[in-house]
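Number of protein chains: 2
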Amino acid sequence: MKRLALMLLASAAPAAAQQAAPAARSRTAPPAVAVDPKVAALRDKALGDDVAYAITEGLTTEIGQRGTGGSDAQARARDWGVAKLKALGFRNVRIETYTLPDVWQRGVETAEVVAPYPQVLRLTALGNSGATPATGLTAPIVYFASLGDLMAMPDGSLTGRIAFVSNAMQPTQDGSSYGSSGAARFVGPNIAAKKGAAAIVIRSIGTDHGRGPHAGTTNFDAGVTPIPAAALSVADAENLERMVKLGKPVSLKLTLTPRLIGPRQSGNVIAEVPGTDKDAGIVLVGGHLDSWELGTGAIDDASGLGITTAAAKLVMDAGRPRRTIRVVWFGDEEIGGFGGQEYAKAHAGERHASASESDFGADRVWRVETALPDSARGVGDRLAAALAPLGIVRGSGVGGDGTDIGPVIRTGVAGIDLNQSGLRYFDVHHTPEDTLDRVDPEQLRQNVAAWTTMLAIVANAPEDIGPVARQP
Amino acid sequence: MKRLALMLLASAAPAAAQQAAPAARSRTAPPAVAVDPKVAALRDKALGDDVAYAITEGLTTEIGQRGTGGSDAQARARDWGVAKLKALGFRNVRIETYTLPDVWQRGVETAEVVAPYPQVLRLTALGNSGATPATGLTAPIVYFASLGDLMAMPDGSLTGRIAFVSNAMQPTQDGSSYGSSGAARFVGPNIAAKKGAAAIVIRSIGTDHGRGPHAGTTNFDAGVTPIPAAALSVADAENLERMVKLGKPVSLKLTLTPRLIGPRQSGNVIAEVPGTDKDAGIVLVGGHLDSWELGTGAIDDASGLGITTAAAKLVMDAGRPRRTIRVVWFGDEEIGGFGGQEYAKAHAGERHASASESDFGADRVWRVETALPDSARGVGDRLAAALAPLGIVRGSGVGGDGTDIGPVIRTGVAGIDLNQSGLRYFDVHHTPEDTLDRVDPEQLRQNVAAWTTMLAIVANAPEDIGPVARQP
Numbered sequence: 001m002k003r004l005a006l007m008l009l010a011s012a013a014p015a016a017a018q019q020a021a022p023a024a025r026s027r028t029a030p031p032a033v034a035v036d037p038k039v040a041a042l043r044d045k046a047l048g049d050d051v052a053y054a055i056t057e058g059l060t061t062e063i064g065q066r067g068t069g070g071s072d073a074q075a076r077a078r079d080w081g082v083a084k085l086k087a088l089g090f091r092n093v094r095i096e097t098y099t100l101p102d103v104w105q106r107g108v109e110t111a112e113v114v115a116p117y118p119q120v121l122r123l124t125a126l127g128n129s130g131a132t133p134a135t136g137l138t139a140p141i142v143y144f145a146s147l148g149d150l151m152a153m154p155d156g157s158l159t160g161r162i163a164f165v166s167n168a169m170q171p172t173q174d175g176s177s178y179g180s181s182g183a184a185r186f187v188g189p190n191i192a193a194k195k196g197a198a199a200i201v202i203r204s205i206g207t208d209h210g211r212g213p214h215a216g217t218t219n220f221d222a223g224v225t226p227i228p229a230a231a232l233s234v235a236d237a238e239n240l241e242r243m244v245k246l247g248k249p250v251s252l253k254l255t256l257t258p259r260l261i262g263p264r265q266s267g268n269v270i271a272e273v274p275g276t277d278k279d280a281g282i283v284l285v286g287g288h289l290d291s292w293e294l295g296t297g298a299i300d301d302a303s304g305l306g307i308t309t310a311a312a313k314l315v316m317d318a319g320r321p322r323r324t325i326r327v328v329w330f331g332d333e334e335i336g337g338f339g340g341q342e343y344a345k346a347h348a349g350e351r352h353a354s355a356s357e358s359d360f361g362a363d364r365v366w367r368v369e370t371a372l373p374d375s376a377r378g379v380g381d382r383l384a385a386a387l388a389p390l391g392i393v394r395g396s397g398v399g400g401d402g403t404d405i406g407p408v409i410r411t412g413v414a415g416i417d418l419n420q421s422g423l424r425y426f427d428v429h430h431t432p433e434d435t436l437d438r439v440d441p442e443q444l445r446q447n448v449a450a451w452t453t454m455l456a457i458v459a460n461a462p463e464d465i466g467p468v469a470r471q472p
Numbered sequence: 001m002k003r004l005a006l007m008l009l010a011s012a013a014p015a016a017a018q019q020a021a022p023a024a025r026s027r028t029a030p031p032a033v034a035v036d037p038k039v040a041a042l043r044d045k046a047l048g049d050d051v052a053y054a055i056t057e058g059l060t061t062e063i064g065q066r067g068t069g070g071s072d073a074q075a076r077a078r079d080w081g082v083a084k085l086k087a088l089g090f091r092n093v094r095i096e097t098y099t100l101p102d103v104w105q106r107g108v109e110t111a112e113v114v115a116p117y118p119q120v121l122r123l124t125a126l127g128n129s130g131a132t133p134a135t136g137l138t139a140p141i142v143y144f145a146s147l148g149d150l151m152a153m154p155d156g157s158l159t160g161r162i163a164f165v166s167n168a169m170q171p172t173q174d175g176s177s178y179g180s181s182g183a184a185r186f187v188g189p190n191i192a193a194k195k196g197a198a199a200i201v202i203r204s205i206g207t208d209h210g211r212g213p214h215a216g217t218t219n220f221d222a223g224v225t226p227i228p229a230a231a232l233s234v235a236d237a238e239n240l241e242r243m244v245k246l247g248k249p250v251s252l253k254l255t256l257t258p259r260l261i262g263p264r265q266s267g268n269v270i271a272e273v274p275g276t277d278k279d280a281g282i283v284l285v286g287g288h289l290d291s292w293e294l295g296t297g298a299i300d301d302a303s304g305l306g307i308t309t310a311a312a313k314l315v316m317d318a319g320r321p322r323r324t325i326r327v328v329w330f331g332d333e334e335i336g337g338f339g340g341q342e343y344a345k346a347h348a349g350e351r352h353a354s355a356s357e358s359d360f361g362a363d364r365v366w367r368v369e370t371a372l373p374d375s376a377r378g379v380g381d382r383l384a385a386a387l388a389p390l391g392i393v394r395g396s397g398v399g400g401d402g403t404d405i406g407p408v409i410r411t412g413v414a415g416i417d418l419n420q421s422g423l424r425y426f427d428v429h430h431t432p433e434d435t436l437d438r439v440d441p442e443q444l445r446q447n448v449a450a451w452t453t454m455l456a457i458v459a460n461a462p463e464d465i466g467p468v469a470r471q472p
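As they're listed, the protein sequences go chains A and B.
Under the UniProt record's numbering, residues 1 to 472 are what the first sequence spells out, in order.
Under the UniProt record's numbering, residues 1 to 472 are what the second sequence spells out, in order.
Derived by calculation from the structure, the hints in this document are not laboratory data.
Incorrect hints may appear among the rest.
As the list claims (entries may be wrong) - Quick list of in silico lysine-lysine cross-link-like pairs, DSBU-like style, CA-CA up to 30 Å:
1) A:Lys195 <-> A:Lys253
2) B:Lys245 <-> B:Lys195
3) B:Lys195 <-> B:Lys248
4) B:Lys345 <-> B:Lys278
5) B:Lys278 <-> B:Lys45
6) A:Lys248 <-> B:Lys86
7) B:Lys38 <-> B:Lys86
8) A:Lys194 <-> A:Lys245
9) A:Lys245 <-> B:Lys45
10) A:Lys253 <-> A:Lys86
11) A:Lys278 <-> A:Lys45
12) A:Lys245 <-> B:Lys86
13) A:Lys45 <-> A:Lys86
14) B:Lys245 <-> A:Lys86
15) A:Lys86 <-> B:Lys248
16) B:Lys86 <-> B:Lys248
17) A:Lys245 <-> A:Lys86
18) B:Lys245 <-> A:Lys45
It should be emphasised that the depicted structure is a prediction, and the values quoted were computed from it without experimental measurement.
Isolated chain A (complex conformation) (with noise of 0.2 Å):
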């Protein structure tokens, strides 16, 4: 899930364009619409549903970490992921493989107070980080509340230093707290390196207490050199704090020693669902197969690929639709959604009529958006019907949101997107602790029936779902 941070980063995200007055203010009646009978036969169907857990379960058993990047372990979960696809019925079931140019690679990650409270703290090296020598780095620590303090430094008044940006992060259901809080980690770690700062350290990015750091990526600037990088469990950062409140000078010894191990062979899981009408589109769901290799992946995103092939799968058993259903399990999305980019240069000649993608945990889905053409608007109006007997709000935002779909939805693709509950998500996203427990069964069926009822309309709508103009 790197959304906001793509929002945050790149200028070709999709704007807010059509905003309306919160749904939740508007005393309006919704349209009167009907929902087909089939539709919500298969919605209440699909809250039975046990392909979703199975997937999650296997993947996060039979495999566990499947290492961002082009590691040994996701090839394996290619292989998993082709036999399952087949053994569940899919047609066109295949691996599309293409080339990481130079792959980041973690290695050892300590840290440990050297003075004046002498103590082991826990973190883990952000994606991209530069290294320390192996023997480590020791140096004071600069505080900073926020990441606007460290900006405000002027430049070179960081040299010698580790800077240390320790902005605190709350949950929302929207998961909009990860955009604000998480420009620490996107963009800090260049600022400080700017700033001639020798090492950052962060607090993780995550609503959480414990001991598990946060992963994820950060970036440098062309022409910036990578400063080493980590993000400290929240405990530890809220320890580090507390020593730099009692006033004493702090230094750290950190060893970071990530490195870059040049190109590796990676690839995409696809498998169709076959339309009848070739000319209607593609409606291309999925998640991504990789993970951070400190947890087992399981929300983050097993569960997304569980959750969109078993919608697949329902409507694919309940009779051929009209548009080809496309399911994608992405590789390498952590470090740098490099599956999604080569899925949509490999397909950049079809016609895709709408994407979505599950990439927000396995909690219930509480809200829809979608970015639909105005001779498709019917479908958004008879999405929020079927869906609103699973507690789904019509929300007023721009659907086509996540860094796999990304590629596609900037050409011009209608985006739906069913949005999960994300007060949970940022307690273990990217951590030790992302395992198969954190998934709760009927959550994630309720996930499973929300997307069978979008799969179930938007590749049976008899409306055309052409090009969406969306602002620059």
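We have chain A; now place chain B onto it with these hints.
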């Protein structure tokens, strides 16, 4: 906290002698006992205490991990304690040193599934574990759902195998599930070694589902060579169980390199509130200063030091008590209760009126249990009456529980236990997650109020508090 371990292992442990009908089922009215207004006022003042939190915060921040077994950090913590206790106004503040004969020290600890589902698992060596070769030990596992299943195996049947005992623990308010589930740790390795196992891994003795393994000691019989013995995190044990249930043989590679490092100096920190009556006996209270090194030992047991010290200070500040109150910050509890044993040896010639320890976290005290001589029966009644407004029930078991006070208690000293709720305790007990944020300041203050009440009553009791007869 190792009480139930000791109850299981040591025949000298106090038996449940004075069992009566559980208080909860009794419909008889409690004795009408007036609460001394001075005691009530002190109890209510204690609900505003900040000293306990300051000690807990200080130890976890300025010292951090206080490695059990004569570590340098423990030495720093003793010096910190002496300064703190003097600053609080205690008298006779001192360190009483002792020598640990041959200290067990944690080394490398890694594990991976080699086949059929290669992936990294998280574990920690149990105290007194043997070592694998430095290059690791690879062997097939044999799964046991319970310790009983392991015990049923014929001798020699586990040669060349790694035993995997995976019993699950449920939370209990009184912590009794630690005794039943904990046996897998306390005696499982010894049993597996006798049956020829190359090593043993257990599911952590904990009530969470996290990735932080739960440390703790195990013990091998004289003549049994220690085998490598480790606790998988609960999430990893659950994952390994799922692999086992898929039916293929599972092999693990373990690398555990703990070693014995010879004798080490360590010590207890002692402080006193001198009483007016030298012959009335010492009221002994305290907790332990060392911690497992995975966390910072906030609930185990910095908070116990904070609670007992804060209570002693409140009573001290209210005027000199009849009996001397002695606060002991015991050393090296976790690795074998050495501080408590050394204290009992060093103070064998002194009269103790009572002994109590706080070593079960910082959640609210829910029960008081006593073992008092008949001559001091009124003390128990007054305690029950004065503690009731704090929501504390009078239990029907025998007081005097705890590793550190055990050696004193077993000489016939009266025991008074203020039992904290164990419902959350084993979520983080002995894990990396035992950090300051787990301490709820409000519940901590309720503890201080309970201990203040107890000390005010017991230290000033006009009755003689003489020896207690205990069942062998």
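Problem set entry | 30 Å Cα cutoff - pair Lys245 (chain B), Lys86 (chain A) | Measuring from Cα to Cα gives roughly 23 Å; hence the hint holds.
Problem set entry | Pairwise hint evaluation, Lys248 (chain B) against Lys86 (chain A), where the allowed Cα distance is 30 Å at most | holds, 22 Å
For this session: Measure nothing beyond the straight line between the CA atoms of Lys45 (chain A) and Lys86 (chain A); if it is 30 Å or shorter, mark the hint as holding.
Result: This hinted pair holds, its Cα atoms lying about 22 Å apart.
Problem set entry | Distance restraint between Lys245 (chain A) and Lys86 (chain B), which requires alpha-carbon spacing of 30 Å or less | holds, 23 Å
Problem set entry | Holds or violated: Lys245 (chain A) to Lys45 (chain B), with C-alpha atoms at most 30 Å apart | Roughly 28 Å between the alpha carbons, so the hint for Lys245 (chain A) and Lys45 (chain B) holds.
For this session: Would you check the hint for Lys278 (chain B) and Lys45 (chain B), treating anything up to 30 Å between C-alpha atoms as holding?
Result: Holds: Lys278 (chain B) and Lys45 (chain B) sit about 28 Å apart, inside 30 Å.
Exercise. Within a Cα-Cα threshold of 30 Å, do Lys245 (chain B) and Lys195 (chain B) meet the stated pairing?
Worked result: Cα-Cα ~24 Å, so holds.
For this session: Verify the proposed pairing of Lys248 (chain A) with Lys86 (chain B), using a straight-line Cα cut of 30 Å.
Result: Within the cut-off at roughly 22 Å; holds.
For this session: Sort out whether Lys253 (chain A) lies within 30 Å of Lys195 (chain A), counting only the CA atoms.
Result: Given pair Lys195 (chain A), Lys253 (chain A) holds - Cα atoms ~20 Å apart, limit 30 Å.
Problem set entry | Satisfaction of hint between Lys245 (chain A) and Lys194 (chain A), Cα-Cα up to 30 Å | holds, 26 Å
Exercise. For the pair supplied as a hint, Lys86 (chain B) and Lys248 (chain B), is the alpha-carbon distance within the 30 Å limit?
Worked result: Violated: Lys86 (chain B) and Lys248 (chain B) sit about 62 Å apart, past 30 Å.
Exercise. Taken at face value, is the distance from the CA of Lys45 (chain A) to the CA of Lys278 (chain A) at most 30 Å?
Worked result: Distance ~28 Å between Lys278 (chain A) and Lys45 (chain A) Cα, so the pair holds.
Comparing the model with each earlier hint shows violations of hints 10, 16, 17; every other hint is respected.
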